[in-house]
Amino acid sequence: MSSESDVKGAAGTALPHESAHLHVCGEARYTDDLPEPKGTLYAAVGMSSQPHARIVAMDLSAVRAAPGVVCVLTAADIPGENNYGPVLHDDPIFAEDEVQFVGQPLFAVIAESAEQARRAARLGVIEYQALPAYLDVDQALAAQSFVLPSERMERGEPAKALAAARHRLQGRFYIGGQEQFYLEGQIAFALPQEDGCVRIYSSTQHPSEVQHLVAHALGVHSKDVVVECRRMGGGFGGKESQPALFAAIAAIAALKTGRAVKFRVDRDDDIILTGKRHDYRVDYDVGFDGEGRIQALEIQYASRCGYSADLSGPVNDRTMMHTDNAYYLPHVGITSHRCKTHTVSNTAFRGFGGPQGMLGIEHVVDEIARFLGKDPLEVRKANFYGVGERDQTPYGMTVEDNILPELVAELEQSSDYQARRRAIAAFNAGSPIVKKGIALTPVKFGISFTATHYNQAGALLHLYQDGTLLLNHGGLEMGQGLHTKVAQVVAREMGVDIDRIRVTATVTDKVPNTSATAASSGSDLNGKAAQDAARKLKAQLSAFAARHFGVEESAVRFERNQVLVGERAFPLQEFARMAYVARTPLSATGFYATPKIGYDRKTWSGRPFYYFAYGAAVSEVAIDTLTGEYKLTRVDILHDVGRSLNPAIDLGQVEGGFVQGMGWLTCEELWWDTQGRLRTHAPSTYKIPVCRDWPEQFNVRLLENAQNREDTIYRSKAVGEPPLMLAISVFLAIKDAVASVAEHRFSPRLDAPATPEAVLRAVEELKARLASAAAARASGAGA
Amino acid sequence: MARDTIRFLLDGRLVEVRDRAPTTTVLQYLRENLHRTGTKEGCAEGDCGACTVVLAEAQDGRLAYRAINACIRFLPTLDGQALFTVESLKRRDGRLHPVQQALVDYHGSQCGFCTPGFVMSLFALYKSEPSPSRARIDDALSGNLCRCTGYRPIIAAAEHMHGYGDAGDAEWLARPYGAAETAEERALRQRLEALRAADSLAYEYAGQRYFAPTSAPELAALLAQYPDACILAGGTDVGLWVTKQHRDLPTLIHIGRVAELHRLERGPGYLEIGAAVSLQRAFAALMELYPQLTELCLRFASPPIRNSGTLGGNIANGSPIGDSMPGLIALGSRLLLNGSEGRRELALEDYYLAYQKTARRPGEFVESVRVPLPRPGWQFATYKISKRFDQDISAVCGAFCLELRDGRIAAVRVAYGGMAATPKRALHCEQALAGKPWSAATVEAAAAALAQDYQPISDMRASQDYRQRVAANLLHRFHLETSDAGLPTRVVAYGR
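From first to last, the protein sequence lines stand for chains P and L.
Mapping of the first sequence onto my numbering: position 334 corresponds to residue 630, and the numbering continues sequentially without gaps.
Mapping of the second sequence onto my numbering: position 415 corresponds to residue 453, and the numbering continues sequentially without gaps.
Chain L extracted, bound-state conformation (with noise of 0.2 Å):
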């Protein structure tokens, strides 16, 4: 049988949760039922971070902290899981913890309606790595606007924190990074351990039902019983058809515990990527295979969004403007899908159809993603262009992916983001590429055959005639970046 109450922890305490309704977001239930108000409301989209709290999970034997965005995440989500707001940080003699100290001394708040959410975003630092860099910094907080402060006295007390902290203060979420582990930080570990091992899920309030079931059979079973369910991963876009759209989601099918969704494993020849790997954690992975991915990792949404979201919720879901897809599909992946019906396996770009419309049948999931290794001779590079340089969706995202032998390029692939109703491979493009030498003739002639191979739609995002050039110059950029090495071609240095 399984388990109809949603049980976390708040603070160490014991939460069980049987009377709001499974699309009830994490903030709607603290705020309106645990009257824990620190934790504001600034888009109920995950673009602000004013919502920002912090998940603790257990990894390698320790707690690991994960920002996340309140607005956006299902309250069942939070099964199995410990919970840190605002509220849980002061001390128990009512003195502030480091990070809050810091704030308040290098002046870091002004109208003070962020401030929870940078908070929460910089424990989550603080407990993740040493001292951290200027650069550090930014990747951290590019999930949080503050409107007043212009940024500089939060960055200074992030700069700040860590001296603060005192690795042997008795409470332990004072504790910077890396100190030890204090014996109650262990108690709930090992209550967060038990508490995870626990058994499948399956709540209903006023008809609306959530299943969070632990294996794939188990998915593939409830997926057959209700094949219009809605496959929730991480939620960082199913949250919005709530809270945005206001849609009616009679029954959700949450993927998060499945075990064998959380591979992540290397297979021969590829990188395996099981569905319900968070994003952060899959672009860990694949940034130690494809240093050159870097960027866009880091640019893609934000820490708490990457920490909810899923690599395979982003393919799945198929948008056009998907940042992940141009670069797996320029690697050449393959996407697993499984059902009652069995498992099939596609080129990644095959699975796209039209506009948010893919090869997934009724009744099927998206298993996983592989990813081939790097391979001798190959050159790769994904870029992504965008009004703002951090957590915003691309104007277009181009994925280059070719191999030279003796100058001359012996297989390409091609794939742009934001050109087309789906991720799209530049078959014309590659055509012009492929047996010619790597010049910037060739490249000319390729950027020219983009146009055949896409007629993007002005938004505001971009205008057509802006993508069109920017796809076309940033094949120009990836050969300038192949063959000099040394030019400047970026005016933010990451990843080269």
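Isolated chain P, as found in the complex (with noise of 0.2 Å):
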């Protein structure tokens, strides 16, 4: 293996992302951005009103007489399967008979432009029966309304450790959902081929899913569905089974037209129609000693599922194993309520059911440091897993690699937290108005996909004779920069500049049978595929270079752009030509699957993680207890991403998931009415952060030295998730601040998302809390 310096680009360098120069001018190309066909048909679907309810007669003869209208498709129109689901197959293309959420759709409208697809899809004329509806969770929990069975997980004797711990304190806590919002919006195009095949450009992060579902439901096979993705505008995994149900519209429409159909679907749609961030309640009951240690804790999670399975099984899951985040937990009970609500089915998004987790599990602690009166910091610090000792997970794995007590110390050193946290205190003393609060939480996330069959992954690597190479793998490319990583490993093991390889669109008909660009593994997985197929090219070359020079295969080095034959070097595309013309093949294809993993779901207990990628952040706010508006002021982060792949772009993933962790927690906010319409389902209604959010005082540090002690790509860890978690120290910063205003004696009751409306009821609480409090002191004194 070359060296890192010899060639330009290669893995561990910063190198700006592989598009950036097409993203900047507008010539990146996105799936609405191709040349359409003459003839080009739009898709538009009609969409329930209802939440729940049965649906008694459809009149879309409306529809059909419209303007433009070429068809118009229902359920009778599949010619295979109507479904989309990934797992159970309880997702519906089109509702036949009921229509368990508002915005579900009913039917499908293909027109000459996208605008009469729009005007025509909103004159369907549906006669319902109402049913009754379960519109959050604590209606379906009450009704034992679930979409899957309830799953339990127990180490220990948590019922009788908390009967014996010292304090004991319960609670209830919600936590909101969150809109992916990906800015490029879900999209399908598809281009009927011929003898009943099609070939979908979808926007997706996972084209074999999507390859599957369609070809499901066309009632074909998989050899006559090819799926293609150059690019996402963002993925966040709400383009990992989501997809589906666009590209199978476009794909049912263009057979039956024999013409291209395009369905991009309006933003409004979009949110209305796709599957988000699953919001919870965790109920919890903690046991722990004087110094905040925790005994032990039974804990009860219930998310709103929506009104499918979808992906909602792996990310309760996923929840389940990052209740411990980063603590020791001796006695542990946790149960997982997977609720059934008429609402939209909820999907994976960027932690995939691990951040709720690790925030139910900070708030915890964060009740216990303000009982006992102690900075969280310490109580966090004194049940951080240990290393060799109160190590093991609830799920019996041993944390083997657990470096935060180093991590978090160095951050507490560099941000200067304690002295901070004195300065906020003397603020707060002074400033009856605007007041401030600090506080670091530490992130451990599991790196693989809990389906561990899923941790596979694929790559085709082609050299031409002119030297240069072309690369394809099974990873999507939504942002996060995998294809210039991926491309960086294969520079580094072909010892050739980055400019001399391209790598193309994902598309399964290159590499098959693909898992999703999902779980933060796209690089892990592919990295390492990659690595694989350039090595085995290397081999075919070097076994060439050995036979055609007398030479052994170990003589043959790749390096600087050349092949070196013992004394002999050669220019790449020299040594490729002379290797084609002596017949040898310049193509191979990679192949990587993640060792050591593997768990049984049944019994919660194995290894269902590699490894573990850690993290911390401190953040600082000022609120105003006039308004209840915060403003972050200060970030501090140290993240380890092991050897990094290439700092920017992982710096980039870091400082990216972090806001959206900080949104998330803050100014998103999902909000359904009372007739189960989600009311904020758009940009001017639904709040990401903005600019200003990013902090003026700031300081994102990947961790120095650091390598993964597994054998990764180079000894790197997977970043596009754990950052997201670092977000968790803004809503406790607010938490802080709001309990300054009862002097720290009372822990405030603040849910998540934080808004400004929930920071000023927990406010006043607090207030009222302090004023009767100070009455019932009155009155006892006087009595």
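Any given hint might turn out to be false.
So the derived label-pair ranges between C-beta atoms look like this [claimed, not checked]: (1) L:Ala479 - P:Ser1075: 25 to 35 Å; (2) P:Ala1074 - L:Glu383: 53 to 63 Å; (3) L:Glu222 - P:Asp969: 54 to 64 Å.
The hints are simulated quantities; they were obtained by calculation from the structure and are not laboratory data.
C-beta atoms are modelled at their ideal positions from N, C-alpha and C, and glycine is treated no differently.
Reassemble the complex: the two chains are provided individually, in unrelated frames, and hints are given to aid placement.
Shown next as structure tokens:
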């Protein structure tokens, strides 16, 4: 292997995103930008206005008669299976007898223009008979309405240990959901091919699944459907299972009409139609000692899964497996209810259930600290996993790579946490309206798909006679820089400059049976697969060189855009040409399967994760106690990415994940009305962070001299999801600021998201408690 | 005879349009007709900025560059304008524009979908002022959403982009703010001025009519002829009627070319702002008079919206959550209506009759608003509260204007948005304040009186309880800020 500095852009260098020069010129093509064949048609869907109802009658005559309408599709027009659910087959493409959420697709209109399709889609006359609807977790839980069986993980004797604990706290905490808000909405563009085949350009994190589900819907086979995606304008989990709906409709319409069909959904409809991060209710009962060390925890999660299972099973599993976050829980009972509500079916979103579990335990630890009157950081440290002791997760995996104690100590120091805490107390003492708060929270996040078989990847690498390389792998580019990193791996392996390598669109007919690009696994899996492809290619070329030049294969090296054969050096293009003429294969496929992992879901024991990613953040905020508004004024982050494949891209993931997490816990609010209609379905009402939300003071660093203890690609670590949870520090800093209103004598009641309204409510409630405590003291003194 | 063809400049080349409906958006035309797909649709409601493009206009003998949202801007409103898109910026030799290169070097793009919009907002900033402060960057980018980066690398690019520029660059688009005008730029400006001077437009496609008269009498005559026509100003609301509600608008009358409505001048005791004056221009003048309006003006939508939208449109539309009205009502502004029946004037608060119902009669149009000039001894503030600081719709917007004489409240006007079906004065609250000492006790009583003035609703922006509580607390804030200027009362310091 060549060293990092040999060639331009090899793994380890802070190379710009491979498409950056195209992004800034508007030349990077997304699905909607592809040239359209003449006669392209456009789709739109008619949507349910009811959360739960029987469809009595559906009159689509006005839809069919509308200008420009070519055809209308209902369930009866689906040649194969009416489903796009990836796990259980409970997601109909079009509702048939019953609707189960406001916005559920009933039919599709295919028209000569998108405008005509959208206008016609509003003309359906649907007669409903209302059925009882569960619109939130509380209602569903009370009715025991579930999409999947409830699960239970237990270690030790939580009930007994709780009873024996010195202190005990019980509470309930609500965690809001989150819309992915990828900037590029859902889109599929289907081109009919000969012999009943179809080619689909889909904005998807999971082309193989789109391929399979579309094949089922069409009643054809995987060989008949090709799905391609060059890049997405953001995914964040929202394009894992959801794109199949749009692809299926476009494909059915394309085969029915024999014309290209594009289904690009309007933003409002996108938010109404597609799943989001699950909102949760968390009930807990925790026992702890005088230092705040947890002795036992009984915790129950109830999540809003929506009307169908989708990916809710593994999402909720991951919540259970992140109940510990960074903390040793000697006796623990975890119950998980997967609630069925008559709202849109929730799905993957960066963190995939992990964030809710981690926020849950961070809330519990914060409550413990406030009960004991301690700095929450002290209680966090007291509960950290040990090294060589107190290191078993609730699911029986040993935490072998725990670096949190050192990482947090370094951050505590570099952020000047203690001095700032004192300064904040002094500020608050003299400031009646604006109050400040601070919090340091850790992240430990398990890396691997919990569905073990997903942890595999393939790659395809071609060398051309001019010495350039074409790389294809199963991972998807959605902005995270995966193609850049994987190309950098190949540059390093092949000893060539990065600009000799082109990464092509991900497509199901090049690398088959791929996993979703999800679970932060993209570069771990595909980087290794590409490395494998490069090494196989080098082996083929070395064998040729050994034959041709009569040297040992070990004497052939690939460096500085050259092939070194003993004492001789050939430019790669010259060597490639020689190898070609000698009839050597110049192409190789690579494969990778993550080692060591596997667990038994029945007993919740084993090793679901190859390793853990770590990080920690300190956030400082100011709140306005008259309005509940707040501002993040400073953040310090120290995050572990192992030996970075690309420090610039990794930093981008850390900062971007943090801000996205901050949005989840602050300004982003999903608000349903009493009729089950989501009323925050556009950027005018659903507010994600903007530029000003990035704090003026920041200090974001990747952990230096770090390397993965496991044999990942060049000892790097996954970085997609873990940084999102760094934002828990923002939420708890807000809570800390609120607590200062009562001089930290009580713990504020603050659920997530901490909107200004929620913050003001918490402030007022705390003031009321303070007043009634004072009144009680006064009357006690008087008696 | 009015012209029947839309004419605008794109990268300095004349584009003539006869074959699209007048409610076609600029974005649709770029993508579908011109196949310039660099400009993206993210939301089709002017809230995400992925569609940001830049208009150049001749101003004080120079070209001024304004970012706008292409997704809700109707194509015919480009008539007489010079348009630039993300495809316009790359140099002829293929090198990137300074703004583009800075974004690449500072890793400012990840998924890249929002990037063209950021490029164009930054391009407008690059051409409009010298190297900007962090606060100015935040202001300039408040209408651009990015879901990937967390903004830090984009901020870094914005802070450094001027360093990539060269005032002597052969290509004028690449020259930073303050550089001398090139011959090419001058030629474009002159063509633009000629194009702007052109006659009125009467465009029709597939039975849908669009008029852009150039004088008030012409406007009045058209409105008399088409009393049900949709009056179009900046289109930042009307655009959504088409992109989101798919409404039919058979006749549109655009007021953006009516010379009289662009007036922005002082009269006796007031500033008069014509109905076609953009929010950006109107706010600049208002902030000069009332620095207390700075925060509200900078939080009002986003630069692209403020560049298209008009103050007159915000007022005329009469939304209960229109942010310009509470402050203007508190100041005692008056509205001028005009039409074939003649001109009339009324107090701004009297324009609002009920939810989305105004005093404007068929055939009438809003001509201007007259905002009183500052008076000595008067205290004034307007506060906006929303989930997000930037580019959000108010949960509550409160405005307070009072005259103190010897510590007593000699005169007072209080108005709120978001608290009722219309922007509305708080008459009970005013009564509780009038004649009283400006004290905590008075404020307490006046805040309590707000409950008689308003019964707000609960919706996705805020609950009734929050609106009521915040409305009262804003009065407290006003009292604190007028009593103790050194006390921290805001988490983002603006205009104090």
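Against the structure, the hints come out as follows:
1. A hinted range of 25 to 35 Å for the beta carbons of Ala479 of chain L and Ser1075 of chain P is consistent with their spacing of about 26 Å.
2. Hint check: Ala1074 of chain P to Glu383 of chain L, Cβ distance near 59 Å, so the stated range 53 to 63 Å holds.
3. Between Glu222 of chain L and Asp969 of chain P the beta carbon distance is about 55 Å. The supplied range of 54 to 64 Å therefore holds.
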